[in-house]
Amino acid sequence: MTADFILSLLAATVQSGTPILFATLGEIITERSGVLNLGVEGIMMVGALAGFLVARETGQPAMGFFIGGCCGALLASIHGGVCLGLQGNQVVSGLALTILGVSLAEYLGTPLIGQAAPGFFAVPVPLLSRIPWIGPVFFRQDLLVYLSYLLPPILWWLLSYTSWGLSLRAVGENPEAAKAAGLSVAGYRWVGIGLGGFFVGLGGAYLSLAYTHLWTNNLSAGRGWIAVALVIFAFWRPMRAVAGAYLFGGVMAFQLRLQAMGTNLPSSLLLMLPYFLTVLVLVLSMRGKKRGEAPAALGINFEPLD
Amino acid sequence: MEPLGWGSILIVAGAVILSLAISASMLAAQGKAPLIGIWLLFQGGFGSLWALEDSLLKAIPIFLCSLGVGLAFRLQVWNIGAEGQFALGAVGATWPALAFPQLPALLLIPAMMTASMIAGGLWGLIPGLLKTRLRVNEIVITLMLNYIGILLLDYLCYGPWKDPVSFGFPMSPTFSPHAVVGTIGGSRIHWGLFFCIGFGVAMWVFLRFTRLGYELRASGENPLAAHYAGLPYRRLVVMVMVVGGGLAGCAGFLEASANINRLQPSIMVGYGYTAIIVAWLARLNPLQIAVAAYLLAGLRVGVENLQLDLQVPAAFGGIVEGLILLSVLAGGFFNHYRLRFRSRL
Numbered sequence: 001m002t003a004d005f006i007l008s009l010l011a012a013t014v015q016s017g018t019p020i021l022f023a024t025l026g027e028i029i030t031e032r033s034g035v036l037n038l039g040v041e042g043i044m045m046v047g048a049l050a051g052f053l054v055a056r057e058t059g060q061p062a063m064g065f066f067i068g069g070c071c072g073a074l075l076a077s078i079h080g081g082v083c084l085g086l087q088g089n090q091v092v093s094g095l096a097l098t099i100l101g102v103s104l105a106e107y108l109g110t111p112l113i114g115q116a117a118p119g120f121f122a123v124p125v126p127l128l129s130r131i132p133w134i135g136p137v138f139f140r141q142d143l144l145v146y147l148s149y150l151l152p153p154i155l156w157w158l159l160s161y162t163s164w165g166l167s168l169r170a171v172g173e174n175p176e177a178a179k180a181a182g183l184s185v186a187g188y189r190w191v192g193i194g195l196g197g198f199f200v201g202l203g204g205a206y207l208s209l210a211y212t213h214l215w216t217n218n219l220s221a222g223r224g225w226i227a228v229a230l231v232i233f234a235f236w237r238p239m240r241a242v243a244g245a246y247l248f249g250g251v252m253a254f255q256l257r258l259q260a261m262g263t264n265l266p267s268s269l270l271l272m273l274p275y276f277l278t279v280l281v282l283v284l285s286m287r288g289k290k291r292g293e294a295p296a297a298l299g300i301n302f303e304p305l306d
Numbered sequence: 001m002e003p004l005g006w007g008s009i010l011i012v013a014g015a016v017i018l019s020l021a022i023s024a025s026m027l028a029a030q031g032k033a034p035l036i037g038i039w040l041l042f043q044g045g046f047g048s049l050w051a052l053e054d055s056l057l058k059a060i061p062i063f064l065c066s067l068g069v070g071l072a073f074r075l076q077v078w079n080i081g082a083e084g085q086f087a088l089g090a091v092g093a094t095w096p097a098l099a100f101p102q103l104p105a106l107l108l109i110p111a112m113m114t115a116s117m118i119a120g121g122l123w124g125l126i127p128g129l130l131k132t133r134l135r136v137n138e139i140v141i142t143l144m145l146n147y148i149g150i151l152l153l154d155y156l157c158y159g160p161w162k163d164p165v166s167f168g169f170p171m172s173p174t175f176s177p178h179a180v181v182g183t184i185g186g187s188r189i190h191w192g193l194f195f196c197i198g199f200g201v202a203m204w205v206f207l208r209f210t211r212l213g214y215e216l217r218a219s220g221e222n223p224l225a226a227h228y229a230g231l232p233y234r235r236l237v238v239m240v241m242v243v244g245g246g247l248a249g250c251a252g253f254l255e256a257s258a259n260i261n262r263l264q265p266s267i268m269v270g271y272g273y274t275a276i277i278v279a280w281l282a283r284l285n286p287l288q289i290a291v292a293a294y295l296l297a298g299l300r301v302g303v304e305n306l307q308l309d310l311q312v313p314a315a316f317g318g319i320v321e322g323l324i325l326l327s328v329l330a331g332g333f334f335n336h337y338r339l340r341f342r343s344r345l
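From first to last, the protein sequence lines are chains A and B. Using our numbering, read the first sequence as starting at 1 and increasing by one per residue. Using our numbering, read the second sequence as starting at 1 and increasing by one per residue.
Keep in mind the hints are simulated off the structure, nothing from the lab. Do not take every clue at face value.
[Unchecked claim] Chain A stretches covered by chain B per the calculated footprint, using a threshold of three residues with CB under 8 Å from any CB of chain B:
| # | segment |
| --- | --- |
| 1 | 10-21 |
| 2 | 72-83 |
| 3 | 90-96 |
| 4 | 269-280 |
[Stated by the list, open to error] One side of the interface only, derived from the structure: several residues of chain B facing chain A at Cβ under 10 Å:
| # | residue |
| --- | --- |
| 5 | Trp39 |
| 6 | Val136 |
| 7 | Pro313 |
[Stated by the list, open to error] If you want the ones that stay clear, here's a sample from chain B, every Cβ over 10 Å from chain A, calculated:
| # | residue |
| --- | --- |
| 8 | Val16 |
| 9 | Trp50 |
| 10 | Trp78 |
| 11 | Arg135 |
| 12 | Gly213 |
| 13 | Leu310 |
Quick reminder that beta carbons are idealized off the backbone N, C-alpha and C, glycines included.
Turn these sequences into a full structure, and let the hints steer you where they fit.
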């Protein structure tokens, strides 16, 4: 238990928290517009596969990362079509999307198991990485991690101070009033679904391109569902999502390290940790006096009557 | 969430055809003959006596799980946890089977069944209580309990219950003959089929002829109104979660006892997730659940045929299932709304 061990554990915490952070931010955007998308797990897997395939074919990880996000948005738009276009049940549509996305990634990815693709590796930031403690933890990461530092404040600013963000939230809180004010409810919700799916897809692509660097089945292993829980924990606020994502990143990194050190604890029990933590976190976030309220119209379809 | 009438069978049929068409084009994209693939799917699932038996064997756990899931859906409670409750049921049934192998079957089988239903029911009770006491989202909790339940089963198979002579494979010792639910006559179908019929009839009677069943149906239509009418909504939620868990647990017991005669991780093949699709397709009518469970079980058997003959990954079944669910959802639109084309003048 040296300082080095703790520093490397914290650095690994940030890295394994990053894909969860991308996915949580994406789902926050979608849910703020009043749409519940439970397809996060499936979208992550499709983003992971698409990113991996593109990076392997083109040799350009950045291209893979971007396409991973786009494929996430594409899959999420099925949810948009079913729920916004055809008034389908949002819970069931999201579950179907998860079943479809996970199976699709497994179906197309089975021949790729064990193969590697060019990915992202740590690039220390010139001066910042020299700062004791903070430098090794936060500034000796890959470029995508640095990107993930920028996103929560940008998203917070967008949702709190821009007219686009306020309109998106209005559509999620009270679609009737938003419509009366002249906003296009379906339009904003489509953007919420598409943009949210894009970020969830980026989270998936991070897994294959920067986390494992090679393809295995069931890469996301429930991270998508953890992100759904974290949205509640974060009270639908981008900045709080950071704390939640790193909490889970920490548990996952710790669990991997314990296994690598060869403890006597069986790996099945260690693997339970993040899932137990999810239950705990959800219970605690509902117990607190200051409870975050979900967008009032979350999960309810808006039927334009005209 | 009113039950679908038989009339909407047209929509379901259309959705299945659409899904199969998309799936076939996915086969074609991988350079495999699409029509032969669909033919193999049907032939494998329904094309012979052997296939029909296989499908029925798989339909038994799916039916039991979706009976419970459908009950929860009816109350607008999203129990996604049948998979974990199934795992706990298999674990619960294994404990008496390994601890008292010499007990006569007349005692051991009921003990295993009771243990499985208690274990599965407890796994449903947790999200039920968390939902009603603390308003914790049941979808995420039931899902997390799936992961935890499956890992618990893994742990037992790799650790405390591992067969000492299994050459390192994670599995419990084979059950004694007293702990095995037998087959009916000369067929491969086990007595679990009668459990299904019994539970199905009991569910139908419960919903149709009991006060609690009526209250449940009323609460599902409008929870707020039910609350003001003094109906015990919260108790009903806990009840459907426990009953659903017990039914899924019973399915786990039957799989472990009758089908593979031991506990091993490969018992988890996703019946709990297929049950969600079946429950949505059939809503709460036990007869419709039976039909839908049989069809989706046939799909699973058919995919096994595809795996053997065309080397298609098993995940192909999941793609077809996801597509069916999505297209049924989309098709529901045409059940509720009528398209009117009018000229803009």
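10 Å Cβ clearance of Gly213/B from chain A: holds (23 Å)
Claimed coverage, the segment 90-96 of chain A by chain B - three or more beta carbons nearer than 8 Å: Check passed, 5 qualifying residues.
Closest CB of chain A to the CB of Leu310/B still more than 10 Å away: holds (12 Å)
Given as non-interface: Val16/B, which should sit over 10 Å from chain A by C-beta: holds (14 Å)
Agreement of hint Val136/B with chain A interface, Cβ distance less than 10 Å: holds (5 Å)
Coverage assertion for the segment 10-21 of chain A with respect to chain B, Cβ distance below 8 Å, three residues required: Contact hint for the segment 10-21 of chain A vs chain B: violated, 0 residues under 8 Å.
Interface hint outcome for Trp39/B [beta carbon to chain A under 10 Å]: violated (19 Å)
Verdict on chain B covering the segment 269-280 of chain A, where coverage means 3 or more residues with a C-beta closer than 8 Å: holds (count 7)
Stated coverage of the segment 72-83 of chain A by chain B [criterion: 3+ residues, CB within 8 Å]: holds (count 3)
Outside-interface status for Arg135/B - nearest CB in chain A farther than 10 Å: violated (6 Å)
Interface hint outcome for Pro313/B [beta carbon to chain A under 10 Å]: Status holds, d = 4 Å.
Beyond 10 Å from each Cβ of chain A, as asserted for Trp50/B: holds (26 Å)
Checked against the numbered hints listed earlier, the structure breaks hints 1, 5, 10, 11; every other hint is satisfied.
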